[in-house]
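Model the full assembly from the supplied sequences, consistent with the hints where possible.
Its first residue numbered 27, the sequence shown is counted upward by one per residue in my numbering.
Keep in mind that the hints were calculated from the coordinates and are not lab data.
Check each hint, because a few of them may be wrong.
As the list claims (entries may be wrong) - Computed spacing ranges between beta-carbons, pair by pair:
hint, residue 1, residue 2, range
1, GLU203, ARG156, 29 to 39 Å
2, GLY165, GLN111, 24 to 34 Å
3, THR212, PRO74, 19 to 29 Å
4, ARG57, MET161, 30 to 40 Å
5, PRO92, MET161, 32 to 42 Å
6, GLU98, GLY165, 22 to 32 Å
7, ARG57, GLY165, 54 to 64 Å
8, MET278, HIS112, 27 to 37 Å
9, GLY121, ARG156, 21 to 31 Å
10, PRO32, ALA93, 31 to 41 Å
11, ASP151, GLN110, 18 to 28 Å
12, HIS112, PRO32, 40 to 50 Å
13, SER95, GLY186, 16 to 26 Å
14, GLY121, VAL150, 25 to 35 Å
Keep in mind that this is a model prediction, so the values were computed, not measured.
Glycine included, each C-beta is placed from N, C-alpha and C at the ideal position.
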Amino acid sequence: SGILVPVFASTFWGGDLIIRKLYMARFRYPRKATISQLTDTVVEVRIPKTKGFDYNPGQYMKIAIPALSVFEWHPISISSSPYQQHVTLHIRKRGTWTKKLHQLAGRIDEVEILLEGPYGSLGVDLTSDRYSMVMLLSGGIGVTPMQSIAHQLMYEHEWGERELKKLWFIWTARDPEVMENMDVVTDYRQSIASATATTITNPDFMGSLNGSSHHRGDTNSPINSDASTAFMAGNVLTSLPCSNTTDQELEMDLPMDEFF
27 SGILVPVFAS
37 TFWGGDLIIR
47 KLYMARFRYP
57 RKATISQLTD
67 TVVEVRIPKT
77 KGFDYNPGQY
87 MKIAIPALSV
97 FEWHPISISS
107 SPYQQHVTLH
117 IRKRGTWTKK
127 LHQLAGRIDE
137 VEILLEGPYG
147 SLGVDLTSDR
157 YSMVMLLSGG
167 IGVTPMQSIA
177 HQLMYEHEWG
187 ERELKKLWFI
197 WTARDPEVME
207 NMDVVTDYRQ
217 SIASATATTI
227 TNPDFMGSLN
237 GSSHHRGDTN
247 SPINSDASTA
257 FMAGNVLTSL
267 PCSNTTDQEL
277 EMDLPMDEFF
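So this is what it looks like as structure tokens:
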């Protein structure tokens with residue numbers, strides 16, 4: 027019976043490997059992705075969201091880029107929200123693999139990609155309507171899961187799927203260029219520009235980061251999604267730093283150890 031233990035263990039391990047590396051990577055998920063240099067330090071990977079590509083905000087995928095190495099897999103947080111048409115990953119240039127990916131994104135705009143997952147779950151129940159006030163804090167490229175959560179919360183609020191009274195989005199980063207190009211800023215900057223009214227169904231709803239109140243219209247008026255989005259987005263934009271020092275310049279003065 028002792029010999030059966032390693033046999034069963036090998037069988038289960040082999041089955042798991044086949045599911046993750048063969049079925050998920052080769053058949054379940056898309057094989058192509060577009061890549062671009064979002065900034066001098068960040069690469070954006072955009073994958074079409076096909077049928078069966080299900081995930082929750084805050085989860086991560088393991089990815090491999092065969093053009094770099096088919097054996098080297100990295101866990102990357104999903105920065106998009108489940109309702110969006112594309113799955114996006116934002117990867118910061120830090121170590122050997124990420125530097126090669128950044129260089130690759132400067133030469134070509136489409137790559138073959140292998141995916142497995144999604145993995146992980148939030149430690150707080152944000153999938154239900156238990157919480158109507160949420161504070162999201164992140165630093166640097168760690169904004170990616172927070173961006174995914176923020177997109178989903180605001181989407182659910184705009185479509186009346188949850189009551190969201192307040193959403194604080196606090197983000198610190200050394201590179202202002204990264205902050206100016208992430209979806210959580212660019213998408214809602216457009217919402218501010220297009221918002222023409224500020225009436226919302228819930229008079230207690232405020233997207234305030236600094237505690238200031240906004241104009242409240244007739245509570246019986248239909249919800250204006252652009253306006254409610256603009257409430258929160260306006261405060262996100264005001265949190266951008268004034269410094270124009272790039273991340274690359276800061277790294278020369280404050281070098282960090284590589285972790286990839």
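Hint by hint, which ones does this structure get wrong, listed from lowest number up?
-> 7, 9, 13
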